[in-house]
Amino acid sequence: MGRTFSVRDTVTPNNTPYAIARYSADELKEALKKMYLIRKFEEGAEDSYMRGLIHGTMHLSIGQEASAVGSCMSLSDEDKITSTHRGHGHCVAKGADLSRMFAEFFGKESGYCKGRGGSMHIADPSKGNLGANGIVGGGLPIAVGAALSAKRLGTGAVTVCFFGDGANNEGAFHEALNMAKVWNLPVVFVCENNKYGMSTSTERSTAVKNIADRAVAYAMPGVTVDGNDFSAVAEAVDAAVERARKGEGPSLVENVTYRWRGHSKSDRNRYRTKEEIAEWQSRDPIAAMAKLLTDHKIASEDEIAGIEADATRIIEEAIAFATEGANPKIEEVTRDVYTQEIAS
Amino acid sequence: MHTKTDLRELSYAEAIREAMDIAMAQDERVILMGEDIGVYGGAFGVTGDLIEKYGMDRVMDTPISELGGAGVAVGAAMTGLRPIFEFQFSDFATLGMEQIVNQAAKIRYMLGGAVSVPVVMRFPSGSGTGAAAQHSQSLEAWTAHVPGLKVVQPATPADAKGLLLAALEDPDPVMIYEHKILYKMKGHVPEGHYTTPIGKAAVMREGKDLTIVATAIMVHKALDAAETLATEGIDAEVIDLRTIRPMDRDTVLASVRKTGRLVCVYEAVKTLGVGAEVSAMVAESDAFDYLDAPIIRLGGAECPIPYNPELEKAVVPQVPDILEAARNLAKGRI
Chain U
1 MGRTFSVRDT
11 VTPNNTPYAI
21 ARYSADELKE
31 ALKKMYLIRK
41 FEEGAEDSYM
51 RGLIHGTMHL
61 SIGQEASAVG
71 SCMSLSDEDK
81 ITSTHRGHGH
91 CVAKGADLSR
101 MFAEFFGKES
111 GYCKGRGGSM
121 HIADPSKGNL
131 GANGIVGGGL
141 PIAVGAALSA
151 KRLGTGAVTV
161 CFFGDGANNE
171 GAFHEALNMA
181 KVWNLPVVFV
191 CENNKYGMST
201 STERSTAVKN
211 IADRAVAYAM
221 PGVTVDGNDF
231 SAVAEAVDAA
241 VERARKGEGP
251 SLVENVTYRW
261 RGHSKSDRNR
271 YRTKEEIAEW
281 QSRDPIAAMA
291 KLLTDHKIAS
301 EDEIAGIEAD
311 ATRIIEEAIA
321 FATEGANPKI
331 EEVTRDVYTQ
341 EIAS
Chain D
345 MHTKTDLREL
355 SYAEAIREAM
365 DIAMAQDERV
375 ILMGEDIGVY
385 GGAFGVTGDL
395 IEKYGMDRVM
405 DTPISELGGA
415 GVAVGAAMTG
425 LRPIFEFQFS
435 DFATLGMEQI
445 VNQAAKIRYM
455 LGGAVSVPVV
465 MRFPSGSGTG
475 AAAQHSQSLE
485 AWTAHVPGLK
495 VVQPATPADA
505 KGLLLAALED
515 PDPVMIYEHK
525 ILYKMKGHVP
535 EGHYTTPIGK
545 AAVMREGKDL
555 TIVATAIMVH
565 KALDAAETLA
575 TEGIDAEVID
585 LRTIRPMDRD
595 TVLASVRKTG
605 RLVCVYEAVK
615 TLGVGAEVSA
625 MVAESDAFDY
635 LDAPIIRLGG
645 AECPIPYNPE
655 LEKAVVPQVP
665 DILEAARNLA
675 KGRI
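Quick mapping for you: the protein sequence lines, in order, are chains U and D.
With this note's numbering, letter number 79 in the first sequence gets 79, and the count goes up by one each step, no holes.
Just remember that this note's numbering sits 344 ahead of the position in the second sequence, which is counted from 1.
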């Protein structure tokens, strides 16, 4: 059950991987660059935390870069995404400015949310990113609402709704998928199944083997793909986006992936083994993407080293921008609670 | 209601429907969402036959999914539509609180002002229908406790229309608590488009001896009590709070400075609610110096709403309760 349509239906010349057949060399190199930017953003965030430059917590998506970037390949700035607490990668994939992201992470006025949101609420509506969300499942109904707007206003936009395996047991997931299908809305539900909702494995929390199996209950296509395989992710999500754009309604895509780091900074990794983590680290989505590009002569190893160096430089500049930025003014703490401030 | 017979009268429900009709005719972005609001016309008949005029794409029956429905309204409001979401009973909004409290109220702030959430939500609330504990609550203080939301409680048909049209013009989320017993109450409603300002109380009756601050159906009970009190030589001022977030501090404090006595009457559970806020507002201001007697709060009993009709009446303030409190205050008995 569940696999009511297959991404493998796509026939490409000479059996080349979907991404190679579908995207130009520049687009593929840009995708790899975004994957490096995500990895290095996360590493920079972790390092900044360790050095005491920022407070709070963070949820790092190292190891999940192919899912974020592959899922956004056929989206324009008019298309929307909703994101999760593990949302830095989605933000980068949707085209955010790394400097403003880091500034937000550092709590600065120059950040995307002017220092009011932090890691868990980074958004960039100008690029169609409606925001990360601190509530598991919080973005699912909101994504359906965005798709309702697109349909009603005739914008042609598609909404990609990112959520994790944990969210698939929230009522909001079931209500959102049901309504999306009842109203046949242009939304793609992308489940990033990284195996654990905090410490509880999907085996212990979820009645179905594949989360995509749940698509059957909502009469929409559901497919499970290797979320560390950029081409497989792009193939599945692109097909779902195309369906949505043609008015054929919602789909559910499950990207099976893994977070290398713990759930958040408090995680001591007592629920999984070092061997399991090492096994997934050997399936590094960025290394796989780099190999895909060299194997198909899209980029040389030198070019790839150059892309990585470029990403490193952008992150360094972003951290410098964030470090130098001004803190928000305490007397402006209630600004933006309402559009017009209400006297207390 | 206290209206002249030559003025057009509508019921409170009809006034709300007229507001929605005007808004939908003016603005394609306005849509209605809720359970059984289409051909059924709404559990209380508020949406009525609007589906015939605007079709099921704009008068959308939702599944029985309060959390999801509220969230769809939030997402739609963020991306260009102006949804009016009806919770069938305000009690059912407890199933949608996540989207109201964590999302609608906070998205603008969390995103540094980059996005507004112009959603309107309607909450049929209150007791008096014999529907018992899960269909009769007055939970407006829940949402009024959350910065980012605006919360109104219209007491008259005219304000029910004007506040809804004001809510639709407001860029921020507005929660409208409508008392079910008021739906059939008639009163003068001006024709056409007008707005009742959010955040402004109304002095319904001027008086000099004591101030009665009331919300929703209690406004009418307070006005009834004031008529009786007048025959006893007690001149009560009655204020309809209309909005509980943001609260109209100026109107309440000015009245208390004038009368020196305050009764606050509301249907919700007495403790930790609107009465506490009104009382604290007075206590923390210079109006405190004008008080000649302690403040009295009249609110609901510390009890779920019971089924038996006599018990149901007993747990919320009634006119005799207001009379007793006002007489005691005016005659210096407390």
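Derived from the structure by calculation, the hints contain no laboratory data.
Keep in mind that this is a model prediction, so the values were computed, not measured.
Where hints are given, some of them may not hold.
What the hints assert, rightly or not - Derived CB-CB ranges, DEER-like:
hint : chain 1 : residue 1 : chain 2 : residue 2 : range
1    : U       : 327       : D       : 676       : 52 to 58 Å
2    : U       : 283       : D       : 475       : 44 to 50 Å
3    : D       : 651       : U       : 327       : 53 to 59 Å
As the list claims (entries may be wrong) - In silico negatives: residues of chain U with every beta carbon more than 12 Å from chain D:
hint : residue
4    : 20
5    : 149
6    : 178
7    : 198
8    : 271
9    : 306
10   : 328
Ideal Cβ placement from N, Cα and C applies to all residues, glycine included.
Results of checking the hints against the structure:
Take residue 327 of chain U and residue 676 of chain D: their Cβ atoms lie about 56 Å apart, and the range 52 to 58 Å holds. Between residue 283 of chain U and residue 475 of chain D the beta carbons are some 57 Å apart, a value that contradicts the proposed interval 44 to 50 Å. Take residue 651 of chain D and residue 327 of chain U: their Cβ atoms lie about 57 Å apart, and the range 53 to 59 Å holds. Against chain D, the non-interface label of residue 20 of chain U holds: every CB pair exceeds 12 Å, the least being about 34 Å.
Look at residue 149 of chain U: its CB is around 4 Å from the nearest CB on chain D, not clear of 12 Å, so calling it non-interface is violated. Look at residue 178 of chain U: its CB is around 6 Å from the nearest CB on chain D, not clear of 12 Å, so calling it non-interface is violated. Annotated as non-interface, residue 198 of chain U keeps its C-beta farther than 12 Å from every C-beta of chain D; the closest such distance is 18 Å. The claim that residue 271 of chain U lies off the interface holds: its Cβ sits roughly 26 Å from the closest Cβ of chain D, which is beyond the 12 Å cut-off.
Listed as a non-interface residue, residue 306 of chain U keeps its Cβ farther than 12 Å from every Cβ of chain D; the least gap is roughly 34 Å. A Cβ of chain D approaches the Cβ of residue 328 of chain U within 12 Å, the least distance being about 9 Å, so the stated non-interface status is violated.
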